[in-house]
Amino acid sequence: MKTNLLTPDVVIITEKPEVGLAICNALLTGVKREGPHERTGWFGEKFFWIFDTDGNPFRLEEPQEIKPQLEKWSNLDALLPIPKYPKTIPAKNRKGFLESIKKKCKPASEIVIATDSDLEGECIGFDVSNYAGVEAIASRVRLTSSLEAQDVIDAFSKRKPQVYYKSKFYAAQTKRISDWYWQFLVRAHTTIARSGGLGPGLDLRSHNKKQIISSGRVQTIAHSIIYQHHKNRTNHISVSYFKLTCQSQYGTIEYIPPIAPSDSKHIKLSRKGIRLLSNQSSSTKLFSALSDIQALDITKIEKSEEKKYPPPPFDALGLQQVSSKVFGWSATKTLKVADRLRLKGHITYVRTDDCQLPMSLIDSGRIQSRLKLLSTLPGISDALEQASKYLTHSKPKCFTNNEIDHHGIIPSDKTPDFSSLPADEFCIYELVTRRFIMALLPPLQTINKRFYLSTTVLDPIGHSTCKFRLNTSEVVCEGFTSMKSHERESQDTSSLEKGFKLSVFDWKLDEKHTKPDSPLKLPDLLGQMRRPSLLCSDESTLRDLSESRGIGTAATRHQAIDKVLARNYSAIDETGSYSPTQFGISYSETINSQLADVTITARLERTLIEIESSATPELARSLMVRALSDSRGFISNHITNAIQGAVTNE
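Numbering (my numbering), first residue to last: 1 to 650.
Worth double-checking, as some hints may not be accurate.
[Unchecked claim] Straight-line distance between alpha carbons at most 20 Å, and here's what the computed DMTMM-like set of lysine to aspartate or glutamate pairs gives:
| # | residue 1 | residue 2 |
| --- | --- | --- |
| 1 | K303 | E34 |
| 2 | K344 | D417 |
| 3 | K16 | E99 |
| 4 | K265 | D459 |
| 5 | K72 | E62 |
| 6 | K467 | E497 |
| 7 | K397 | E254 |
| 8 | K84 | E61 |
| 9 | K563 | D179 |
| 10 | K87 | D179 |
| 11 | K300 | D353 |
| 12 | K325 | D562 |
| 13 | K325 | E430 |
| 14 | K16 | D413 |
| 15 | K508 | D459 |
| 16 | K498 | E474 |
| 17 | K512 | D524 |
| 18 | K87 | E99 |
| 19 | K467 | D506 |
| 20 | K333 | D353 |
| 21 | K158 | D363 |
| 22 | K563 | D524 |
| 23 | K166 | D405 |
| 24 | K414 | D339 |
| 25 | K87 | E110 |
| 26 | K344 | E425 |
| 27 | K46 | E34 |
| 28 | K84 | E65 |
| 29 | K285 | E254 |
| 30 | K166 | E403 |
| 31 | K104 | E45 |
[To be verified] Just the calculated beta-carbon pair ranges, DEER-fashion:
| # | residue 1 | residue 2 | range |
| --- | --- | --- | --- |
| 32 | S100 | F327 | 40 to 50 Å |
| 33 | H513 | N592 | 28 to 38 Å |
| 34 | P378 | S100 | 42 to 52 Å |
| 35 | K158 | A136 | 17 to 27 Å |
| 36 | I609 | A136 | 21 to 31 Å |
| 37 | A136 | V625 | 21 to 31 Å |
| 38 | F287 | Q211 | 53 to 63 Å |
Keep in mind that the hints were calculated from the coordinates and are not lab data. Think of the CB as a built atom: it goes at the ideal place given N, C-alpha and C, for glycine as much as any other residue.
Let the hints inform the model, and build the full structure from the sequences given.
Put into structure tokens, the structure is as follows:
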């Protein structure tokens, strides 16, 4: 029987090939591949046809498709007014595939949308069902936990009408159309710069003629972080200070400078608010008075018990950061290698901003069986045994019952064959596996003590006796730190009490200098894109951005970094440090700084949450219309200002 001639009873639309395969494995029998992105199978007497879109098969219209006069970028007059809403149309070479979906959907009795549950997935799902004309009858399956067979079965038993998620689709539309508006600003800036209208620093007549003045929410902020970090380093003024310490059998004891009056010549504040000994004469005099002292009085003891939980499994950002530190890889290379591993079935979905795991994995015992598959990885047998024991009576902190778009990156349930893995893939597999096992280990438990000490010698201001501080830590349980290469120092200070004297020796006075921030490297750049504190000190804005996963997504941050490098805004040196080029400095100092204002993104993210959580689709749509009007107005104003500014420059 030729299955491609059969009429499907049920059509399922997925986004990724592995999702379609997981559904087939969990639900169907007699599975056959009908094409590169099509599978069929049977559930009882029902015939299923499964399509995976392999990414987004749609795109938004290009500006010149709406306004033919925009075919030539030099036409500034045609930029405004910006079209309100571009149409969603089939991507290049995808129309035939979409027509095939439409054809199979027409006679089917049930349509199931099983695309990813993030904003991109909602766009794909609704766009496909709308194109096929089945949105009104389609149901929605949200595979938000994992692709384990039982989770797939549970998800299908809980499917709802697709229209139930229409508000989330409107949020997704708001985001992608808002970003679409930015390309009109790119055209305006580039056209003006090609005539010298943005000044000599951005005069494209003296640069690569194909250069563009790239503007975009993520790109602009990525470059602005690099520029601001460079500016802070360049403007740093080093301050000399003196650090006074002595030693004890429990570690280094630090002198605590007193709180000084504003006109003090002895004590200064660093830019981070730390009190520093700043006067050489008084510091040397103090050192001379203290250097013969052999014991300090314990005046106060603060004690606290601490549990430090292991880091969770990697999300895309964490994997990129660690790969950069350990291997010196770019963010793009890390994702490419990890994606190859995923496609071979060795690790789970990579481009995720979540690091937690679904509770279903631990409740079903499938985590234990997965650990057994990893026993062939060298050097982790003790950690595997410890994790297995801990799981018998505890649930590690990385597990949650909350809905997850894509859970943290962990090894799959496929038995690894290390001999078949290229070196770069093995590196990523080992990183992911070790981090996964570490996440399943007990917390580090310590007893931390802070000892405050004093002596009869007066401080440089002469107001009180000198104060000192000693921090100690006693390890109660090594926990996850047993997987780390260095041993953790543990100190037993139970014999020390308030009023006792602590023997000291080896007094030192070292001249130090405040240093600028370290050169900006990829881990820090990615971290700043998650929480861009260089560009914003407002905690409420940073909190909003953190809750919405920061600037960009796991799938776009590395692309934004690559673009600012490729377009000569920033450069990376042989040490892996990022800095702006002269062209990039001119861009940051010429183009309106509002384009790099992170509050724009924070405001958009708050709006998206408001749209997504709307009580009705109608309310969500009205909020979308208002948000798009605001975004369109913002970009239109900047285009107008750029054109007016260019006239002045000429």
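Quick rundown of the hints versus the structure:
1. K303 to E34: 67 Å, violated
2. K344 to D417: 11 Å, holds
3. K16 to E99: 19 Å, holds
4. K265 to D459: 13 Å, holds
5. K72 to E62: The hint holds at about 13 Å.
6. K467 to E497: With Cα atoms ~17 Å apart, K467 and E497 stay inside 20 Å; holds.
7. K397 to E254: At roughly 36 Å apart (the allowed maximum being 20 Å), E254 and K397 break the hint.
8. K84 to E61: Given pair K84, E61 holds - Cα atoms ~12 Å apart, limit 20 Å.
9. K563 to D179: Between K563 and D179 the Cα gap is close to 16 Å, so the pair holds against 20 Å.
10. K87 to D179: 14 Å, holds
11. K300 to D353: Violated. K300 to D353 sits at ~44 Å, over the 20 Å cutoff.
12. K325 to D562: 18 Å, holds
13. K325 to E430: Holds, at about 15 Å.
14. K16 to D413: 18 Å, holds
15. K508 to D459: 16 Å, holds
16. K498 to E474: It holds: about 18 Å lies between the C-alpha atoms, which stays within 20 Å.
17. K512 to D524: 25 Å, violated
18. K87 to E99: 18 Å, holds
19. K467 to D506: 17 Å, holds
20. K333 to D353: The hint holds at about 18 Å.
21. K158 to D363: With Cα atoms ~19 Å apart, K158 and D363 stay inside 20 Å; holds.
22. K563 to D524: 18 Å, holds
23. K166 to D405: 17 Å, holds
24. K414 to D339: Distance ~16 Å between K414 and D339 Cα, so the pair holds.
25. K87 to E110: Violated, because 27 Å separates the two Cα atoms, which is more than 20 Å.
26. K344 to E425: Status holds; Cα separation ~10 Å.
27. K46 to E34: Holds: K46 and E34 sit about 17 Å apart, inside 20 Å.
28. K84 to E65: Since the Cα atoms of K84 and E65 sit roughly 14 Å apart, the hinted pair holds (cutoff 20 Å).
29. K285 to E254: 17 Å, holds
30. K166 to E403: 18 Å, holds
31. K104 to E45: Satisfied, since the Cα-Cα distance of roughly 18 Å is no more than 20 Å.
32. S100 to F327: 40 to 50 Å: 42 Å, holds
33. H513 to N592: 28 to 38 Å: 37 Å, holds
34. P378 to S100: 42 to 52 Å: Distance hint for P378, S100 holds at roughly 48 Å.
35. K158 to A136: 17 to 27 Å: Holds - the Cβ-Cβ distance for K158 and A136, about 20 Å, lies within 17 to 27 Å.
36. I609 to A136: 21 to 31 Å: Given about 27 Å between the Cβ atoms, the range holds.
37. A136 to V625: 21 to 31 Å: Holds, at about 22 Å.
38. F287 to Q211: 53 to 63 Å: Holds, at about 58 Å.
In this structure, the hints that do not hold are numbers 1, 7, 11, 17, 25, in rising order.
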